[in-house]
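So the sequence lines, in the order shown, correspond to chains A and B.
Residue numbers for the first sequence follow this note's numbering, beginning at 8 and rising by one.
Residue numbers for the second sequence follow this note's numbering, beginning at 8 and rising by one.
Hint data in this document are derived by calculation from the structure and do not stem from the laboratory.
Since this is a predicted model, take the numbers as computed values, not measurements.
Glycine included, every Cβ here is placed at the ideal spot set by N, Cα and C.
Honestly, I wouldn't trust all of these hints.
[Stated by the list, open to error] Here are the simulated lysine-lysine pairs, BS3-like style, with alpha carbons at most 30 Å apart:
#1 Lys289(A) / Lys231(B)
#2 Lys364(B) / Lys430(A)
#3 Lys290(A) / Lys37(B)
#4 Lys231(A) / Lys37(B)
[Said to hold, decoys possible] Pairwise CB distance ranges (calculated):
#5 Arg26(A) / Asp124(B): 27 to 33 Å
#6 Asp242(B) / Phe383(A): 23 to 29 Å
#7 Asp139(A) / Asn16(B): 27 to 33 Å
#8 Leu386(A) / Ile464(B): 52 to 58 Å
#9 Asp465(A) / Pro395(B): 29 to 35 Å
#10 Val437(B) / Val466(A): 41 to 47 Å
#11 Asp90(B) / Arg229(A): 48 to 54 Å
#12 Asp139(B) / Leu386(A): 50 to 56 Å
[Said to hold, decoys possible] Here are some of the chain B residues that sit facing chain A, going by a computed Cβ distance under 10 Å:
#13 Ala67
#14 Thr182
#15 Asp183
#16 Ala185
#17 Gly186
#18 Asp193
#19 Lys195
#20 Asp236
#21 Leu330
2 protein chains.
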Amino acid sequence: MDEKLKEQNYVEELIEIIRSTKSNEELRDKLSDYHENDIADAFVRLDEEERKRLYPILGAEQVAEIFTYIDDPDLYLNELDLDKAARVISYMDSDDAVDVLDELDDSKQAQLVELLDEESSHDIKMIQSYEDDEIGSKMTTNFIVIKNDLTIRQAMRELIRQAGENDNILTVYVTDEAGKFYGAIDLKDLIIARENNALEDIISTSYPYLRDHEQISECIERMKDYAEDSIPVLDENDEILGVITSQDIVEVVDDEMGDDYAKLAGLTAEEDLQETLVESMKKRLPWLIILLVLGMGVSSVVGIFETVVAVIPIVMCFQSLILDMAGNVGTQSLAVTIRVLVDENLTSKQKRHLVGKEMRVGFMNGLFLGILAFSFIGLYVWLLKNNPVSHAFIISGCVGLALMIAMVISSLVGTLIPMLFHKIKIDPAVASGPLITTINDLVAVVTYYGLVWLLLIDVLHFA
Amino acid sequence: MDEKLKEQNYVEELIEIIRSTKSNEELRDKLSDYHENDIADAFVRLDEEERKRLYPILGAEQVAEIFTYIDDPDLYLNELDLDKAARVISYMDSDDAVDVLDELDDSKQAQLVELLDEESSHDIKMIQSYEDDEIGSKMTTNFIVIKNDLTIRQAMRELIRQAGENDNILTVYVTDEAGKFYGAIDLKDLIIARENNALEDIISTSYPYLRDHEQISECIERMKDYAEDSIPVLDENDEILGVITSQDIVEVVDDEMGDDYAKLAGLTAEEDLQETLVESMKKRLPWLIILLVLGMGVSSVVGIFETVVAVIPIVMCFQSLILDMAGNVGTQSLAVTIRVLVDENLTSKQKRHLVGKEMRVGFMNGLFLGILAFSFIGLYVWLLKNNPVSHAFIISGCVGLALMIAMVISSLVGTLIPMLFHKIKIDPAVASGPLITTINDLVAVVTYYGLVWLLLIDVLHFA
Chain A
8 MDEKLKEQNY
18 VEELIEIIRS
28 TKSNEELRDK
38 LSDYHENDIA
48 DAFVRLDEEE
58 RKRLYPILGA
68 EQVAEIFTYI
78 DDPDLYLNEL
88 DLDKAARVIS
98 YMDSDDAVDV
108 LDELDDSKQA
118 QLVELLDEES
128 SHDIKMIQSY
138 EDDEIGSKMT
148 TNFIVIKNDL
158 TIRQAMRELI
168 RQAGENDNIL
178 TVYVTDEAGK
188 FYGAIDLKDL
198 IIARENNALE
208 DIISTSYPYL
218 RDHEQISECI
228 ERMKDYAEDS
238 IPVLDENDEI
248 LGVITSQDIV
258 EVVDDEMGDD
268 YAKLAGLTAE
278 EDLQETLVES
288 MKKRLPWLII
298 LLVLGMGVSS
308 VVGIFETVVA
318 VIPIVMCFQS
328 LILDMAGNVG
338 TQSLAVTIRV
348 LVDENLTSKQ
358 KRHLVGKEMR
368 VGFMNGLFLG
378 ILAFSFIGLY
388 VWLLKNNPVS
398 HAFIISGCVG
408 LALMIAMVIS
418 SLVGTLIPML
428 FHKIKIDPAV
438 ASGPLITTIN
448 DLVAVVTYYG
458 LVWLLLIDVL
468 HFA
Chain B
8 MDEKLKEQNY
18 VEELIEIIRS
28 TKSNEELRDK
38 LSDYHENDIA
48 DAFVRLDEEE
58 RKRLYPILGA
68 EQVAEIFTYI
78 DDPDLYLNEL
88 DLDKAARVIS
98 YMDSDDAVDV
108 LDELDDSKQA
118 QLVELLDEES
128 SHDIKMIQSY
138 EDDEIGSKMT
148 TNFIVIKNDL
158 TIRQAMRELI
168 RQAGENDNIL
178 TVYVTDEAGK
188 FYGAIDLKDL
198 IIARENNALE
208 DIISTSYPYL
218 RDHEQISECI
228 ERMKDYAEDS
238 IPVLDENDEI
248 LGVITSQDIV
258 EVVDDEMGDD
268 YAKLAGLTAE
278 EDLQETLVES
288 MKKRLPWLII
298 LLVLGMGVSS
308 VVGIFETVVA
318 VIPIVMCFQS
328 LILDMAGNVG
338 TQSLAVTIRV
348 LVDENLTSKQ
358 KRHLVGKEMR
368 VGFMNGLFLG
378 ILAFSFIGLY
388 VWLLKNNPVS
398 HAFIISGCVG
408 LALMIAMVIS
418 SLVGTLIPML
428 FHKIKIDPAV
438 ASGPLITTIN
448 DLVAVVTYYG
458 LVWLLLIDVL
468 HFA
């Protein structure tokens, strides 16, 4: 708690410094002691006049860096003249620049891109050319690249030269004479290398890379594996187009997990606080409509058992219990299966193992809960609903047995359906939920009322 | 796809190289071209004899790095003599070393720690002293620290000296004469600084930091914000104990999101493929038992409406529909609310805004789906179930109206309950699910059968 207070204080401190310091020179000096993320937090709490005083003091490069830490930098970009805004954008990492530009209206975007220097505008157009789910859309063009025929000393000098403009320096990329990707050097190795070493000795020539058109979801596990390093992105000619930095990886992991999370909850995408009513409705209605339609299907199946309920109304009390439990078990299996599918490329043996395990877990849990339900519901129907003890425990036996069967089948369905969708290349996180709910509802209803019909009406002639 | 093939090939390539290269010298040279993550992937596919040949060739430092990329390094650590294993562990980042040691049995762990050099054993004991949810348990002691009274040249020399042992070099930490945290230097700034600059000019003295006993969940958003840099972890005397690297942040973000995901699915923690039946049951049963008990509560409320169903059995067909929809809407609101609570510190105004928005979304979606249900269910009951048209649409009117009311209330419950738990400092992701399901089931059942009772039996005397 006290830490939070202190962290807060950097922002308070900054606001006070900005408001009280008269000399621009002194203010620039003081600000340089703070992390851009903290300056960004202070920035959004200033008024427009105060920010406008800050822009020239900070300079385009630092403003660019501060903007990458702000949620909606487009709001503040509008406080700058067009050509100043263009300069700020040209200093941003190209993927961040694209994110900002996408928030602006089309005419302003076009005007700004017009004003950018050639290199920035080329980079931005390149990144905009990728689909959102391709790795190319996440890369930055801010990296260091040297030729493979340099000496250690030349490489160091080249690093120092390029470091002024490119701040992803932890890995230095190397190309061959044809400009193709040749390998990578860990900056640490370059720093501790002796001048008479050969550069070749510190180059990893079999360095991992990604292809620009790869799907993000396909390579996210690999990126997580290499998380400490940046990874180069190559085109089909093996030329380096950009790199994925650790910051990008954090973002991608966060996005992907957020997406899976949202889909499990029946949202088409993650939502946040700022969204409008219509946007939220759009994200929620699709799944709800599908569920309503499927739910009507379930209702018409329940309709078949109308006569059972008409004869023994008490059995309908436990319908919700069995359906809820089957639904929960199905969701558990679904969630486990989806994370496993995302994390690993399963062999068919592993798949059989997973299905087998899910069914065993479903059976054991079902057995346990079925016995619980049998005992307690039997007591309830006997003592509180004033039924003969034999009737009570036959009814609760049906509930317990149906619960167990429904839980085994729900586990199976919750595992097989996402695997099936995964196999036919449909995102299992989106498609599985409604289908599993519906199938499990049907299974639970048919098992339960079927058992009641068979045992109580057909065999024991309760009616 | 072709990329995947190629990536796979690094591992295949490595296995072939390891199996075919006779000279140790040549093998060492070839392996140095590959990323440790790829060597790790090849490593687990070799047999024990092949690995035992590799250990001395790679040396303890590289084996340590490879082990950090392997899922269960403890399995391979057992292939080494005790003192070799101790050397490998002493080269690992201290947080990774702790993870490995935790997997070993207690006696082996004690033997190994005994053999470690003083520094490693001190670091490991320190990290083990933190709870799993404290940030101290995630930090590494592998970082570079210099005094604030050095010149640029001395600082550079010190960096080169320390870089041999510590590879988190992107941020250089600075302490004052008393050894307290003074600030941080971006390596890039040190590299491009001129020799006659003052070191003070490139030190950020108001650099962000974490406290060793902070809860991970409390500072995860801050870490994400600073993701590109490492963040120092200080004790209460302002001394640097360790740093959180970007790799650690990726891990922490992944863990936290995985946890939220698992909890939304009714699991007490994330599961993976390797888990035993008993472990899986343990993660799933707690929530299922709670739900069973709560579900019995719902059943006894449904029991109150037994007479309604006895009189008009057809109404029970649509119970599952209304309960399912209410449940889904509640889950949507819950998921949105939890992510918002995790991401931001809400003011009470924002909280009111969120509740208001959720209710409006619930109302609009409910209105839309209610009208759909009214129309289609009316047609179904009229045409397929052979009821008089007026009866049919009165019944479907009850379904539609109940659906709408249940959806508004479910949205409200799905938002308020997690907020409430958050306020009283109980993890809303764990506690909210079962409670919301139960309340929403109750609301839906009472609304629906209540409406039917009121309208059809009391007012219109259907019976």
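So, going through the hints one by one against the coordinates:
1. Between Lys289(A) and Lys231(B), the direct Cα distance comes to roughly 28 Å. Compliance with the 30 Å bound is thereby established for this hinted pair.
2. Proposed proximity of Lys364(B) and Lys430(A) is contradicted: the alpha carbons are some 38 Å apart, above 30 Å.
3. Between Lys290(A) and Lys37(B), the direct Cα distance comes to roughly 52 Å. Violation of the 30 Å bound is thereby established for this hinted pair.
4. Under the criterion of a C-alpha separation no larger than 30 Å, the hint pairing Lys231(A) with Lys37(B) is consistent with the structure, at around 25 Å.
5. In this structure, Arg26(A) and Asp124(B) break the distance hint of 27 to 33 Å, their C-beta atoms being roughly 52 Å apart.
6. A beta carbon spacing of about 53 Å between Asp242(B) and Phe383(A) contradicts the range 23 to 29 Å that was offered as a hint.
7. The beta-carbon spacing between Asp139(A) and Asn16(B), approximately 29 Å, falls within the hinted interval of 27 to 33 Å.
8. Range check, Leu386(A) to Ile464(B): about 31 Å between beta-carbon atoms, so the 52 to 58 Å window is missed.
9. Separated by about 32 Å at the C-beta atoms, Asp465(A) and Pro395(B) satisfy the suggested range of 29 to 35 Å.
10. The supplied range of 41 to 47 Å is met by Val437(B) and Val466(A), whose beta-carbon atoms lie about 44 Å from each other.
11. For Asp90(B) paired with Arg229(A), a C-beta distance near 35 Å fails the hint of 48 to 54 Å.
12. Evaluation of the 50 to 56 Å hint for Asp139(B) and Leu386(A) yields a failure: the beta carbon distance comes to about 41 Å.
13. With a least beta-carbon distance of about 18 Å to chain A, the hint placing Ala67(B) at the interface is violated under the 10 Å criterion.
14. Checking Thr182(B) against chain A by beta carbon gives a least distance of about 16 Å; that is not within 10 Å, so the hint is violated.
15. The beta carbon of Asp183(B) comes no nearer than 14 Å to any beta carbon in chain A, farther than 10 Å, and the hint placing it at the interface is violated.
16. Hint status for Ala185(B) relative to chain A: violated, with the closest Cβ pair at about 19 Å, above 10 Å.
17. Proximity of Gly186(B) to chain A is violated relative to the hint, the smallest CB-CB distance being about 19 Å (cut-off 10 Å).
18. Proximity of Asp193(B) to chain A holds as hinted, the smallest CB-CB distance being about 8 Å (cut-off 10 Å).
19. Given hint, Lys195(B) at the interface with chain A, holds; its Cβ is 5 Å from that chain's nearest Cβ, closer than 10 Å.
20. Evaluation of the Asp236(B) hint against chain A yields a held restraint, the C-beta minimum of about 8 Å falling below 10 Å.
21. Interface restraint check for Leu330(B): the shortest CB-CB distance to chain A comes to about 6 Å, inside 10 Å, so the restraint holds.
The structure fails hints 2, 3, 5, 6, 8, 11, 12, 13, 14, 15, 16, 17 (numbered hints given earlier, in ascending order).
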